[in-house]
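> Okay, here's what each chain looks like letter by letter:
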Amino acid sequence: MATNNYFGFTHSGTQYGTAGAAAYQTGQTGYAVTPTAATAATYTAQRAGTGYETAYQTAATHTTAGTYAGWYHYNLPDQEETSITGEGNRLKNWRTDPTVVPNCIPNQEQVGAGTPAAGTTYDYGYGRTAQTAYDSTKTYYQQPAAAAATYSTTDTHYQASKPAFSTSTYTATTRQVTQATPKAASYSSAYTTQGTPGASYSTGYTAAAPQTTNTTKAAANTTYSGYDAALYSAATMYVAQQAQTGAGTGAAAAVTTNTGTAKSTSSWQGYKKGPMSGGMKTMKPKQPPKPQQLHYCDVCKISCAGPQTYREHLEGQKHKKKESALKLGSAPAARGGNALRCELCDVTCTGSDAYAAHIRGAKHQKLVKLHTKLGKPIPSTEPVVVGGGIKTTTGTTASTTTPVKTVTTTAAKPAIPGAAKKTVTAAPKINFVAAGSLGTVGTAATGIKAEIAEVKSEIKEEPVMSDSELALSDKDVQPVGQDYIEEIKNEEGKVISFNCKLCECRFNDPNAKEMHMKGRRHRLQYKKKVNPELVVDVKPSLRQRKLQEEKLRRQQMRDEYWRRRDEERMMEEEERMYWEERRRYEEEVEYFEWYRRYGRDHRGLPPPPPRPFGPGVPPLMFFPQPVRRPDSSDDRHVIARHAEIYPKEDELQAVQRIVSHTEKALKFVSDHLADMATAAAKQTAVPKPLVGTGAKTAIGVGAKVGTPPVKTGTIGKPAPGLKPAVGTKVVPGASPVAKPAGQGPVPSSAMTNKTEPVEKPKPDMSKEDKKEDGRDGNLFSFHRDKDDSQVPRVLKGVMRVGVLAKGLLLHGDTAVNLVVLCAEKPTRTLLNKVVENLPKQLQVVAPEDAYKVHRKLEESAIIVMGVKEPHITVTITLTSPIMREQLLTLEGSGDSVSVSQAQATKDPPDVLDKQKCLDALAALRHAKWFQARATGLQSCVMVIRILRDLCQRVPTWAPLNSWAMELLVEKVISSAAQPLSPGDALRRIMEALASGILLPGGPGLLDPCEKDPSDAAGNMLPQQREDITASAQHALRLIAFRQIHKVLGMDPLPPPKFTRGRFNRKRRRDNSSGEGNDSEAGDGKKDKKEDVDEKMETEKSGK
Amino acid sequence: MVRGRGRGGMGRGMGRLGPFKVKPFVPRHPFDLALCESAFPRVKALPDEAAFTQALLKRNTDLSPSSHEQTSVLNLVTKIQTVMDNLVVAPGTFDACQLEEVRQVGSFKKGTMMTGHNVADIVVILKTLPTREAVEALGIKVHEDLKSQDPHEVLSVLTNDRGFEVSSSEATVRILMTTVHHNLRKLDPELHLDQKILQSHLAAIRHSRWFEENAHHSSIKVLIRLLRDLRNRFEGFEPLSPWMLDLLAHSSIMNNPSRQALPINQAYRRVLQLLAAGLFLPGSAGISDPCEGGNIRVHTAMSLEQQDMVCLTAQTLLRVLAHGGYRRILGLEGHGGIATEMSVWEGVVVSPLDKAYEKPPEKKDGEEDDMEADGGGDEAMETADN
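Protein chains in written order, with the working numbering: chain A, 249 to 1351; chain L, 161 to 546.
Don't take each hint at face value.
Coverage of chain A stretches by chain L, computed from C-beta distances (three or more under 8 Å per stretch; other residues unrestricted) [claimed, not checked]: (1) 775 to 781; (2) 1205 to 1215; (3) 1243 to 1249; (4) 1263 to 1273; (5) 1276 to 1285.
Straight-line C-alpha distance at most 35 Å; calculated DSBU-like pairs for lysine-lysine [claimed, not checked]: (6) A:Lys775 / L:Lys307; (7) L:Lys307 / A:Lys737; (8) A:Lys794 / L:Lys346; (9) A:Lys776 / L:Lys346; (10) L:Lys301 / A:Lys737; (11) L:Lys204 / A:Lys749; (12) A:Lys749 / L:Lys356; (13) A:Lys742 / L:Lys204; (14) A:Lys775 / L:Lys204; (15) L:Lys356 / L:Lys346; (16) L:Lys204 / A:Lys1164.
Hints are computed from structural coordinates only; laboratory data are not their basis.
A virtual CB, placed ideally from N, CA and C, is assigned to each residue, including glycine.
So that you can see chain L by itself, here it is in the shape it has in the complex (with noise of 0.2 Å):
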């Protein structure tokens, strides 16, 4: 018995997760009051959030872009399209690199730009392989190009990681560099740029793609840049990526039985709500994304300790609100210190939360470390021990 346990281990039981899984771990999504409202019918009538709903819409409006910035971004994004497209067709004697495609991404392409924050991201798709010298040397020939347009203007160009920013002086356009898919396998680290750094890049289109098809209600948009805005000013969010705090502006406010959008006061809410339940803890269904294959949940992206902090600061944050301390979470007012200082609303303390993530301690068989896989591998081979 014993041994037949012994043998089987953990790694038996992640090997077990092949083809014909006996208990697959299937991750259930947290408890969701929209969904199941049905159940839970009120009691009272719903509280007048006229106040609230000002205040989150005051607040969107504070984050948009003034049509100064837009325009400015917008200029520098469309001068700098213009010659990549040329590049694409008409490479001439450019031949550091082939460019495949050019494509707008991110939060400009998207609409969800936050005012101050005037930058443009463009992903350069290479036919060729993306070494250092290849982006450098594009970089060069964007910048004389933009140049010879228009000698006046003051650029700079500024190469990294990614591939390299074009700036004026009131905006700046990220050209993140790329290359076609089955180049990727190819690709050497000592001579190119990261390959994490270029599929990120690659996911970036297809979530450019994905938003323009699902995401384009202007709620959704509003929803994220009150979410960007509260990432930024809470610590405890700062895991939560874009494309995550897209996914959950979108599922919040679509993803109803009703399936009309939700008002901007409870989709707020329900943001909180569902990062309060869980919805991006181990375990959790979470949310899977959509521009991946095989069902990836996009909080896995965050390591657990990560996944813990978000889901307290969360929840700390959802108390307030529900004790009427909702323009301290906008940034309306006061400091955001509520989601780590006890705070104290019409008589009701609210007292921040602690860490339930320990790290494991010094296990060998890394049990708690992916508690996740490990939940399925457990389950799977606990059965088929049975």
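The following block holds chain A by itself, in its conformation from the complex (with noise of 0.2 Å):
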């Protein structure tokens, strides 16, 4: 073993020479000790290394430990933590040597002791080793060195088995050295120590003899000596200084505060005596034969049937618990309520059944058989009250007490200096026994026991005030929810038990329903059941507090998680927001972009969305843009069926052309009229002149002529406008000369926004600024700008009117109209004029297309009609706004002479009829209105052309003439707060008709074109206003509950795809039963089919 010993030391000499270096440099840190530590590290390997004990390597070990100490010291000063490190000092001593139960470190301290001159220091060394040994510990540092480290020595004791009294005796020990006798006080008193610990006394002895071979080794180290001197010195020191702390100190050794000072103090003066009397080699130890081999763990109060299941138990999970428990004070934890403890079991029982049930149990016979075999002292059965506050400190009392007899042991022993040893020898491990025995021993002692006595009493006294406290609070519990407790008879009434319907727990006895009732848990219950705001004490248990702790924990590691997640998504949100922001004012921007570049060239003109006629490419694609978001169903179906009736590109286009042609006819028609007035005027030979080349060269003119557009903003202007015009030529054989003079300013002013038309045969689409035609809704005038003849004419010019005008033109659309305004009231000659040059005029303006002319007599009207599909018909009304004039001015003012004179002077015979050319007026106005109020708003047009297609498929619908659904549209849409998307804008017409706007009694619709306040839609019957107004109430329905495509007249539409870009809808459209997810396919048919049938329900019910 030696020789093991010894091999090992050599290894781990060098070794600690190394640790203890590094031990040092840790050390300097603060403390003088630190070298110390350092020396102690050498020193044990030096012991090892005389082949001590396999021990000695851990300790060894534990030196490196040492190290770690230096920091521990510094950080906190506290000599409690001793006991951790002994601790593990001593695991790792029983990890080296099974066996050797007890520590190694009351070894080392023997070794200290043992060794003479030097070897006292050694002991210093030692305890200081012991001390960095403490590395876990923390504390400590506060006294000097040595009796820290006995006090360690203690702690580690403690946990053994009690050892800890042996370090107490340590302490008083070296500072007997100090005082007095060195080596031998030391000596002696080294053993006492090693004595008392009962167990670890055999090893201790064991160490014994090595010492003396330490110590020569010693001697024969010089270093070590140099070393130790210092050391020595140093040492003495400190062990002086602890000496003047006095007690204080001691008790800080005493691992607990209160008692604890007492006893160690006590304790203390016990040493003194001890080692003084003691005789100082006397103490030899001797190996004890075999000590019973009773391991028995103090802190968990258990004994373990060998060694190995000894160690495993230290080395287990509860031990440790437990033990780190009991080293935070947090042993008992501060329980709620009225918990009754067992101290011997360290069992904390919620009642005092429940105590008696622990006390007579078997595990509480067990302890209490197991303490009275090793004479440990028992504790009364009387329970602790544990209770707030005063629960910790009676914990950590009872915790004491146990040490503060081991004190006194200890302290015993040294009295009797020999025979102590003896009964030490002989004695079993546990220290127990002898200090059962001890208990009438020293006088000192008995003043501890005296003492300890006290505490008790305290302990107790404390016991039944809380007892007391406890029946007091008891009695405040008033019984809870007497209402729920049912009680249950028998057939014969007798209350056989009772049942609580909170707890849902039955009992028979009455008292036991009292007790339940004042119950906690019954408490609890009706807590949560019944009054929330009922006070139940709160017994959080260890464990309890563990879980809410664990909760807690749990908790705030969740809200640190969400907080986290919160502000990740928050990120996100912000560029998300970001993005779409940006992308939103990207759109807006291309839309106005797109706005400006086709809007702004045609400044004055109606805004270009709406124009479906403006530019040859009709702005098909472009229409659902001003809507800008096209986006629930409703709005989807709306804009799907809007596409569904607006005309097909080529109907457009051939509408156009007639058209166009037909007003470029038109206007050679009159000049060819003009000139031949002018002709007649100047009476000249050649009645007609060339009429192409003369036109051709007037246009040619005009093409020069950019006269800016202009707007005419308001209604009521045209026909006023058109006034002074009108009148300056009502003169009709007037002189020439005046004539060109009031033309020159009429067609800038009265004759709104025109240039002069461009001869071209193929009109150019994309270009604008140049009229040829009246495309742009306002009047084409025939008028030329440089017009060289003298006479008025008589055609002023053509504008467009009704749907042509207003872009309400819908698939299959054939007929639109014309109205050419006329200087003079019109009349069947003139209107037979114009038939007969006009053909001939279609002729020069396109060869290519052939058209037939007729005159509609009873209409007033010339028709032109397409040879070719579409046979698309153009009527051209004739009139004057003197017709209007006049009827203004004959209601209007006094001055019925010269009214009457005019009228009488102009009339001539073959006027044509009045009320059509009044009606020709009034589409023009209407056209006017349309443009300066529909255009311009949001989704109008496109419900006006849903509507029209409404008011044609659905004969219920018909009787609302096409000027008061625009005007009701208008309106409608208008006196909306916002801009409207389609779908909510038709949403919005239904709504208005639902509530009855058309009903008798409803406001009706003022015509803003007529002078006189008169209902637009005057003329319906009440029971086509009832039945439309009832369509309208269904449809309404209809579109709240997603049939819109019912009141359009059309499939649903599957739900969108996916982004619908502008052409992407026209192809669903197209495929829409075809396309769609493969699950909607079956679906879509069925629809489909069903469809059929609802629409033609909604017709028939809308009949």
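Both chains are sitting in their own frames, so use the hints and assemble them into the complex.
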């Protein structure tokens, strides 16, 4: 063994050298002691070398630990920690040599003691080593190394068996050493110490022998001795200091505060005594024979069958937990309520019953037996009441009590020097036997005892108090929830049991019921289910508390997690928002860009989107654009339906073409008539100048003149505006010279925004600044800018009216209207002249197209019909503003004389039908109004088209004339607070109709184009109004319930697939049933069939 | 493309309704003639509606409770209120529950009680949780106390799901139980009264408070009474709750550009117009509940089918009214079948309407079911995709 050790030593020795150095360094930071530690390290090594025990090696290891200890010292000056270190040491020792259960630290101490002069030093060194070893511990540095060391040892002892005492003894020794005979004293004390710890002693003793060796070695080792000396002095100083610090310090060592202090002090005294009386080397420990191997863990209060199990236990989770709990002083955790505690078993019971049960229980009994066997004190069975703040102290006291006792023991031992030793040797490893016997021994011991007794009594008192408190509080508890206790009766009506509905439990005993009602569980239930404000004291057991802590921690973690997640989300959100904003912005820019590009050029014209007849390429594709995001299902349906009813490209072209040709031809007719008139006026022999050339020159001239377009904004203007122009010309045969002058201003002011036509067979669609026909919806004046003719034109201009002007043409529409304004009241003669001349001019304008022109006298109109498919008919109505002017002046002003005069003079005999002419004039005004009001209104034109389609499709709606409908739509949409999407706009129309706007008693539709207040829909019969209203009401609900397709007379669209680009939509419509995901395909077909039926139904119901 | 869309689905659309809506689903207020009269200047003078107004007022008089009725209800209410107040202040031995507050609510409190319906409502807020036992115990206690006050009066106490009723021979007081707000989440459906009911009682308190502050105008009360009568007589209006009627009456009288109370005849017609214009249809802004946070539209409490029903009834009645059938609508003559049967007025045939709502044809995605939310989601999603 020795060899082994030796080898080990050599090996470790070197190590230690370094280790020590390391420790040193660390140590340096603060403490003089540190060097000691270093030495200590070395020392240990040496000793190990002595072939001491493997234990030493471990000790060495500890030394390394000591390095750590270095820090710890400084960190936490507290002696208690020593215990931990000691523990660690012990453990390690055990590892090395299981049989040697007890601590190595005692050994070390012994060694220290054993060594002579140098030895003492070593001792201290050792102590320090121990300290160093304390690494895990933190405390302890307040006091000089040695003392601390001792204390640490003490702690160790506690853990193992109560060897603590030895430590304390040790301290004493040290001090003595300082004071008096150094070596001897130390020795004796050391031995005593060893003796006390019982079990450890065997080891201790073993150690003793080596010690000598040690010393020798030490002697041999000069270096060490040198060190030693230094150490020694330091140590002594420390010890002295310690001594001064007195009991207090010692107390610290004693682990617990209050009681501890008292005890340690006492023990101190005892120690003093002890060493003094004790023979110096008498104590030379003898190896105890085979001590009874009873492995008792003091912390856990259990005995182990063998060393193996013991060790396992000590390394076990449970033990460590308890240990640390004990160290933290939290062992008797503050428990709520009135818990009763069995000190012996360290068990907390919730009530006296439970406590009684525990006392009776096997576990408790077993422990009692064990303790009796070991001679350990058995705390009274009187329960310790643990309650609130008191508990902690009580708990500590309780735990401290044991140490105190041990201390006594130790103290006692020195008193009987030799004998004591012997006893020790003989004694089983467990101190407590000794303690018991020692009870009576030394005076100091008695003193201590007394103190202990005091403490005890205190402790006892406390319980009493809290007991009474408990009783009190018990009384306070008011039974609650009487109402929820059901009495269960047997057949005779005798109450046999009670049932608590809250807790779902039953009892037979009324007392039990009472108890239950006061009980915590019941109260909790009551709180939970009946009165949340009931105060139920919480009783977090250790476990509960842990759970709670755990929960809190988890909660925190969760919070943290969420917080982080939220942050992330916010960031994400922000980013998305940013992109979204950007996207929108870009879209908007794009839109305005588009708007600008297409819109600016013909400012003064209606805004671009709703102008289907503007350029040759009708802005079909752009049409939905003004509605920026046609989004809802309703919108999609409306838009899709709109696309369906919107005329096809070629239709538009055809209409455009024929209208354009007709307009140009009319212009030539006008020129022709004008030329004729001029000729007549000049009485030239040449009746007909070359029309074609004339026209051409005229146009050529006109082309140069770019009169900036001026918009006629107001509705009323056209008529009054026309007046002056007409007025000048009213006098038919007036001086020709005057006329051109009169005509001059007319074009720019009254005949609004026109540029002179440019002769081009194929109108260039993209160019719009040159007006070649009336496609912008304004008057296409026939006036030539530099009209050389001196005669007024009879045909002043042509204007598109009706659907054509408003852009309401629908798919399949073939009839369009033009109105030609005449300078005078149109007559049949004039009509005939035009009819005669028009075909020729058409021939000139469009040689490749064939048109049929015929007269419709009863309509006061000329009809131009395309020969080719589709047979588009252009109805040309002649009218003159004079017709209305007359009327207005007639009604409005009093000077009837002039008027009647004018009438008398002007009315030719073959004037065309007056009403027709007036209607045509109204149509002109409507067109103007429409351009001013409706075209600019979002969704308005689209909805009007949809409604036009509805009026054509559903007979119920037919009585609603288009002008009334347009008015209604415009009013309803413009009265909405915000711009509406097409779907919303349609729904709002239906809402208005459904709310009875057309019903009798409603406000009516005031016609803005008439001077007198008149109802645009005034001609409708009550039944028609009723029917339309009913139909609209149904339609409204259909829209609200997602069946807008029934209202629109179309198939329901499948839900949108993805982004609907402008072109996407059309494609979807084309193959709506085929497209879509597979699952919907089947449905789609079925739906379609149903829809056909539904459509029919709606139509029927419409009727 | 398609995949992205599929993944998005409806669920994603819903999810998008988060804090940042691309295009929020903004329900629109339906067309309301009273709010946009400027756009519709009258072509003809307003027809004379004196007769209609007279009929309305007469009907209101018929519907108002007699003073005797009012007194009897008031007596009972006062007694019970006293008993309850005592319990609040000094519970004494009564420990089955603790009372926090006692408040009168409902038509009696608002002054919109109707004759023949002598019921007053009192809401009791408990501090404790409203177990059935507590309700029962309170009922017994109240009964006892009332008896001790006046041993001769014959009272019956009947417990129900909402609380209990104390009835005398002439009047009934419904005691509606509820509990303080923070208790609501502690409720256990097995032990306590239904949470929905409790919440509705709390809401009733808010309603009566709101009413006191905002709807004290007597025209409103008259209109409410007329509307209640309308609701009682026309089956289609059944789904309208008293609270909806209160709000409807308030908004149709007060919500106009001039902020002056409209005359009763206009207001009455306006109610029908609003309903007919789909005020209470999906997609409409309706009336948002002033007593609930979060902009809840009151009509969403009705099922879609009910919304359709209410709307079509109102639409038919509106047409009847326009053709001069107010006496039938007010129940002054004839029977109430006009909402469901064809009728002829001065040669104009007014035919009832059909339902527009259809049960969603076993669509798995429930598209039609929650069309409103869906509409919103749809929109939000679509724009997001753009």
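> Hints first: check each against the structure and report whether it holds.
Each hint, compared with the structure:
Check result for the region 775 to 781 of chain A against chain L: holds, 6 residues qualifying (beta carbon to beta carbon below 8 Å, three or more required). Only residues whose C-beta sits within less than 8 Å of a C-beta in chain L count toward coverage, and the region 1205 to 1215 of chain A has 0 of them, not enough to reach three; the restraint is violated. Three residues within the 8 Å Cβ limit are the bar, and the region 1243 to 1249 of chain A against chain L gives 6, so the coverage statement holds. Given as covered by chain L, the region 1263 to 1273 of chain A passes the check, having 4 residues with a CB less than 8 Å from a CB of that chain where 3 are the minimum.
Coverage of the region 1276 to 1285 of chain A by chain L holds [criterion: at least 3 residues with CB-CB distance below 8 Å; count 6]. Of the pairs offered as hints, the one joining A:Lys775 and L:Lys307 holds, with about 32 Å between alpha carbons and a cut-off of 35 Å not exceeded. Distance restraint check for L:Lys307 and A:Lys737: the Cα-Cα separation of roughly 30 Å lies within the 35 Å cut-off, and the hinted pair is therefore satisfied. With a CA separation close to 26 Å, the supplied pair A:Lys794 and L:Lys346 stays within the 35 Å bound.
In summary, the hint linking A:Lys776 to L:Lys346 is supported, as the alpha carbons are separated by about 7 Å, within the 35 Å threshold. A hinted pair counts as satisfied when its Cα atoms are at most 35 Å apart, and L:Lys301 with A:Lys737 qualifies at roughly 25 Å. Restraint check: the Cα-Cα separation between L:Lys204 and A:Lys749 comes to about 74 Å, which exceeds 35 Å; the hinted pair is violated. Of the supplied pair hints, the one linking A:Lys749 and L:Lys356 holds, its CA atoms being roughly 24 Å apart against a limit of 35 Å.
About 87 Å separates the Cα atoms of A:Lys742 and L:Lys204, which puts this hinted pair outside 35 Å; it is violated. The straight-line distance between the Cα atoms of A:Lys775 and L:Lys204 is roughly 71 Å, outside the 35 Å bound, and the hint therefore fails. Distance hint between L:Lys356 and L:Lys346 is fulfilled; the C-alpha atoms sit about 13 Å from each other, no more than 35 Å. Only pairs whose Cα atoms come within 35 Å are accepted, and L:Lys204 paired with A:Lys1164 is accepted, the gap being roughly 26 Å.
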